[in-house]
Amino acid sequence: MPHRVTTFKRHRISNDVLILILEKLNPVTLYRTCQAFQRVWMLVMEVQSLRYIFELAVVGMKDGAAPYSGRSHLLRLQLLMSYKKDWPRLYWTDEKKVSVPATATKVDVSGSFLYHVGHQSLDLLELPSCRTSRPPSQTRHLKYITSAADHVAIDPIQSLIVASQITGNPNGQIGLRLKIRNLWNFDKHPKGSSATYECSTHMSQPIANVSTVICGMRIVVTLEYVGGLTKHLLMDWSTCQAMWLEEQDVVLLNTYHLLGVRKVPNKTVLYLYNISDMRSVAIEREYELPPIWAKSTMRFARNTSPNSDNLAPSNALFYSDPTARVLVLMAKQQGPSATGMHWMFINESFFRPTSHPDRRMVPWSYWSQFCLIRELNQGVVVGNPHVVGSRVVYLEKDGTVSNQGSDRTRLSVIDFSPYAEIPAPPAKLWTLVGKQSPLRPSEIRREFPPTSTGGLAVESVRATEDNVVLVLENHGNLKPVNILTFGVPTPRASRHDQSHPSL
1 MPHRVTTFKR
11 HRISNDVLIL
21 ILEKLNPVTL
31 YRTCQAFQRV
41 WMLVMEVQSL
51 RYIFELAVVG
61 MKDGAAPYSG
71 RSHLLRLQLL
81 MSYKKDWPRL
91 YWTDEKKVSV
101 PATATKVDVS
111 GSFLYHVGHQ
121 SLDLLELPSC
131 RTSRPPSQTR
141 HLKYITSAAD
151 HVAIDPIQSL
161 IVASQITGNP
171 NGQIGLRLKI
181 RNLWNFDKHP
191 KGSSATYECS
201 THMSQPIANV
211 STVICGMRIV
221 VTLEYVGGLT
231 KHLLMDWSTC
241 QAMWLEEQDV
251 VLLNTYHLLG
261 VRKVPNKTVL
271 YLYNISDMRS
281 VAIEREYELP
291 PIWAKSTMRF
301 ARNTSPNSDN
311 LAPSNALFYS
321 DPTARVLVLM
331 AKQQGPSATG
341 MHWMFINESF
351 FRPTSHPDRR
361 MVPWSYWSQF
371 CLIRELNQGV
381 VVGNPHVVGS
391 RVVYLEKDGT
401 VSNQGSDRTR
411 LSVIDFSPYA
421 EIPAPPAKLW
431 TLVGKQSPLR
441 PSEIRREFPP
451 TSTGGLAVES
461 VRATEDNVVL
471 VLENHGNLKP
481 VNILTFGVPT
491 PRASRHDQSH
501 PSL
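Each step along the sequence shown adds one to the number in the working numbering, with nothing skipped, and position 6 is 6.
It is worth saying that the hints were derived from the structure and are not from the lab. Any given hint could turn out to be false.
Said to hold, decoys possible - Once the Cα atoms are required to be at most 20 Å apart in a straight line, the calculated SDA-like pairs of lysine to any residue come out as: (1) Lys428 x Ile444; (2) Lys143 x Asp155; (3) Lys397 x Ala457; (4) Lys267 x Gly335; (5) Lys96 x His141.
Stated by the list, open to error - Pairwise CB distance ranges, derived in the manner of DEER restraints: (6) Leu429 x Asn15: 27 to 33 Å; (7) Ser137 x Ser280: 47 to 53 Å; (8) Met243 x Leu75: 22 to 28 Å; (9) Asp187 x Asn15: 53 to 59 Å; (10) Ala195 x Asn169: 38 to 44 Å.
We put the CB at the ideal spot given by N, CA and C, even for glycine.
Please build the complete structure, drawing on both the sequences and the hints.
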């Protein structure tokens, strides 16, 4: 009797059924499936709904909560492809020129607003974003009569605005006043225990700079004193529970964890703090930094994209994937002849607690494998970089001088989009490329067209998911500000890249 061999029949799944299966996958899983199966890739390229999910992974985005009624896959895909093509080439499609009084004590961007501070006023101008159904013609302008703030932080998701102000005390010590208000009417926030919080800094030394960051129920107010000392007020804005930290700098990873950089004898370290309970803030992990940075000034660059899905706008078609957020740590050499500076890049998600006691201390020899380090000249970079998701935007001098004698500058971007096709970075510019780092940098630079600056020098830039904001030098009694917006539908002939022949 012949031996029976078990056989299996392989049935080909129809395209209709396969599409239904693929539509259930998240962007990263769909992308990886396309890499493994040519049939899936070909199908994804033909079906709009699948192509949209695929492209979300390529540019490091997630699908937003905006309903699909009136916002179809086709509309989302078209706008997403505009972002994919235009951001890497720095081709914006709309400009809005704003004139701010030259007497403004502060001009900055927070949340989705450009704000400027007057002697007794605070003006807020909403930034355009077609991604969140906010075209340039439908932005709002708010104005509040209030004492001058040194810095303002805005969280539109929570309808929250926090204005930080330095005050003087009779004993000579400097005080800090926080106004914790409703964004839309400047009244006490309904979730706040008080409209105003005041405390002493316990210092009499002058303060050079103030910055404020909101993350969920946590606020960090950073005070940079003349002479280099920094202090940070960590606070639960709903209860006004607060404590001081004296790290060189700190960054909120989320509502539960904070990363601080501190100098200890003969070395510099990062501490991962658990801040979920303000009554018992504790260090959960320690990361050793390279010995060469022991005498450098350390600063974080703030990442302004949502750090969790819950913090994404409810009307967003898509938004930066929180898991793709990049953390940037800057190390500036000190001394009269120091010119060098290092920027370290790593996925923010790398920093997390551990249940293993023997892994609480992480040596640099290990975690450097997940990092990239770029060396720059302090005299070339203007201000600090601004991080939005996986994109780093900064201003740098191009080595030439304008007719007015000002240094000409250009816009520079380092893009770490997770799955974009990017060649290997030039070795001479990157002093470290960790073998296990998933980050692959793509660098872009663009000169500012004269039509965008009016021949004036660019003093600083700010960046959001949809905008680059240029703050120009004073022109008479005004300070011009130009809001460059990506993703605004416009005829090809009128695009702002057309006036720049070198691109």
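The hints, checked one at a time:
1. Lys428 x Ile444: holds (17 Å)
2. Lys143 x Asp155: Between lysine 143 and aspartate 155 the Cα gap is close to 17 Å, so the pair holds against 20 Å.
3. Lys397 x Ala457: Holds, because 11 Å separates the two Cα atoms, which is no more than 20 Å.
4. Lys267 x Gly335: Judged against 20 Å, a Cα distance of about 18 Å means the pair holds.
5. Lys96 x His141: holds (14 Å)
6. Leu429 x Asn15: 27 to 33 Å: violated (46 Å)
7. Ser137 x Ser280: 47 to 53 Å: With a Cβ separation near 50 Å, serine 137 and serine 280 satisfy 47 to 53 Å, so the hint holds.
8. Met243 x Leu75: 22 to 28 Å: violated (47 Å)
9. Asp187 x Asn15: 53 to 59 Å: At 56 Å between Cβs, range holds.
10. Ala195 x Asn169: 38 to 44 Å: violated (21 Å)
Hint violations for this structure: numbers 6, 8 and 10, all remaining hints satisfied.
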